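Start from the sequences, fold in the hints, and give me the full structure.
These protein sequence lines map, in sequence, to chains Y and W. 0 is the number of the first residue of the first sequence in numbering that gives the first Met the number 0; add one for each residue after it. 0 is the number of the first residue of the second sequence in numbering that gives the first Met the number 0; add one for each residue after it.
Calculated from the structure, these hints are not laboratory results. Every value quoted in this text rests on a predicted model; they were computed, and no experiment measured them. Some hints here could point you the wrong way.
As the list claims (entries may be wrong) - For lysine to aspartate or glutamate, the following DMTMM-like pairs were computed, each having C-alpha atoms within a straight-line distance of at most 25 angstroms: (1) Y:LYS366 with W:GLU39; (2) Y:LYS409 with W:GLU48; (3) Y:LYS22 with Y:ASP194; (4) Y:LYS366 with W:ASP27; (5) Y:LYS366 with W:ASP80.
What the hints assert, rightly or not - Away from chain Y, derived, C-beta distances all over 10 angstroms, residues of chain W: (6) GLU39; (7) LEU51; (8) GLU71; (9) ALA72; (10) PHE73; (11) ILE74; (12) SER76; (13) ALA85; (14) HIS92.
All residues carry an ideal CB built from backbone N, CA and C; glycine is no exception.
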Amino acid sequence: MPDVYNWQLGRPMTYRFREAHPKWQFAAVFNINRCIACQTCTMACKSTWTFSEGQEHMWWNNVETKPYGGYPHHWDVNTLKLLDKADPGGQKWDGRTATPAAPYGQFTGKTIFEAAAALGKTDEAIGYLPTDDEWTAPNIFEDTPRNRRESELQATSLPEHRTWFFYLQRICNHCTYPACLAACPRNAIYKRPEDGIVLIDEQRCRGYRKCVEQCPYKKPMFRSTTRVSEKCIACYPRIEGTDPISEGEPMETRCMSACVGKIRLQGLIEVGADGRWAVNPDNPLYYMVREEQVALPLYPQFGTEPNIYYIPPRWVPRPYLHQMFGPGADAAIERYAAPSRRLQAVLQLFRTTQRIVHRFEVVNGHKIGEMNVAGKTMELFNDTVVGFDRNGKEIVRQSVMEPLHDRGPKYLNTI
Amino acid sequence: MAEFHKGAEAEDPFEAMAVFVDGPPGYDGAAAMARAFIEEYAMMGWPRERILRLFENPRYAGTHAVYHQRGEAFIHSLLDDVLCVAPAQEVRHA
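Have a look at this one:
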């Protein structure tokens, strides 16, 4: 198998196909710190793409409560166990100093592709098929952890978290090196050269489910009524600007644009022929992932180079975050907890427009307050962020301080 | 009286559901979460009173759980600590 370069691992790795990259890459940043798990994204996706017979279990977008749950159940723990079995005690990062080509250091363990080879498997990657039971329900029992004494329990009391938890938003990662694509014996899965979106050709698919088995994120799903697999299509008519309401300009997906908590920002990253991201610190995604490095890939050690990035939750025990987001978690939290003025302004861009923001500028405003973050005083400024589309046209202007529209007691609960 | 404090068991098919997942020694998850929420909303320019309402209102389950468990004085102490000079938000009445 040829070697390809995986910048998230900081090293080359083996992959079924030679290195080839799209001109643009679909990517997004999810800010876990602000997610309230309202599941509006989940229902926006469901009501758009997976409302038909045979798609009942398909939640291309789901939000799960960590560490208690996942969809399908145990998806990440199961894959982590398989990796540990293939490389006992060896799934580590070397802790070397970050470089632009290896911003998180170098991963010295085995990817899902390398683990399959080490175990002598004929499959491209290690994996497993979730059971029917594991596909039954998203978020079941996830919000019922407890550590109360029996004497405190009352018949009328509702389940209540008394420990740490956070919400993890999940869609297909439209990976740079997709395991589903490598796994398909029919070559029915492809990555589009124009935007890096990973799609299944349902005419070629014969439902072998190798993609379901080998995608570590478990995002391809089998449809029994048509006998083929389906997955998130990144709402590609919106990305292309061919959706009637897009007026020809790229738009964010349904799950992104429906986000009530303003935790999602999605866009397109320009990719060079060598697979490196074209340097563009004025692109909000590039800025957060590569400049500030506050947004990190989910389980980068799997080796697929996923393109959804997460600002990690600040309150969660660090060993858990290191396992989930790699060694960049500490620095990401440090920079996010006391953000620069530029980062503060960019965080205001989330969910201000359905259009894809290709470039941003920040206009300085006056000081509005001070915060104590970890013993240090942080100044707050009412800066304004301005977003531009791919043609350089201004599409959004948003200040840090938004006016509060108070409906007053007279109008509460009138919906 | 038996406690409902059961640890995770690797062989349990229900894994971590409905069990207590500990943090490191000395880790106060509720305080860490509450402080993070206050900082998040302060960064968005929210004034003190409005942030406090997130904790007081039982409809906001995560924040209200901390308010319920630790009391109003605890939330005020966090607000005091985080907000050195709280922003004053422009309010437009409907």
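Status of the hints after comparison with the structure:
{"no.": "1", "hint": "Y:LYS366 with W:GLU39", "in the structure": "holds (17 angstroms)"}
{"no.": "2", "hint": "Y:LYS409 with W:GLU48", "in the structure": "holds (20 angstroms)"}
{"no.": "3", "hint": "Y:LYS22 with Y:ASP194", "in the structure": "holds (7 angstroms)"}
{"no.": "4", "hint": "Y:LYS366 with W:ASP27", "in the structure": "violated (32 angstroms)"}
{"no.": "5", "hint": "Y:LYS366 with W:ASP80", "in the structure": "holds (19 angstroms)"}
{"no.": "6", "hint": "GLU39", "in the structure": "violated (6 angstroms)"}
{"no.": "7", "hint": "LEU51", "in the structure": "holds (14 angstroms)"}
{"no.": "8", "hint": "GLU71", "in the structure": "holds (18 angstroms)"}
{"no.": "9", "hint": "ALA72", "in the structure": "holds (18 angstroms)"}
{"no.": "10", "hint": "PHE73", "in the structure": "holds (14 angstroms)"}
{"no.": "11", "hint": "ILE74", "in the structure": "holds (15 angstroms)"}
{"no.": "12", "hint": "SER76", "in the structure": "holds (12 angstroms)"}
{"no.": "13", "hint": "ALA85", "in the structure": "violated (6 angstroms)"}
{"no.": "14", "hint": "HIS92", "in the structure": "violated (5 angstroms)"}
Checked against the numbered hints given earlier, this structure breaks hints 4, 6, 13, 14; the rest are met.
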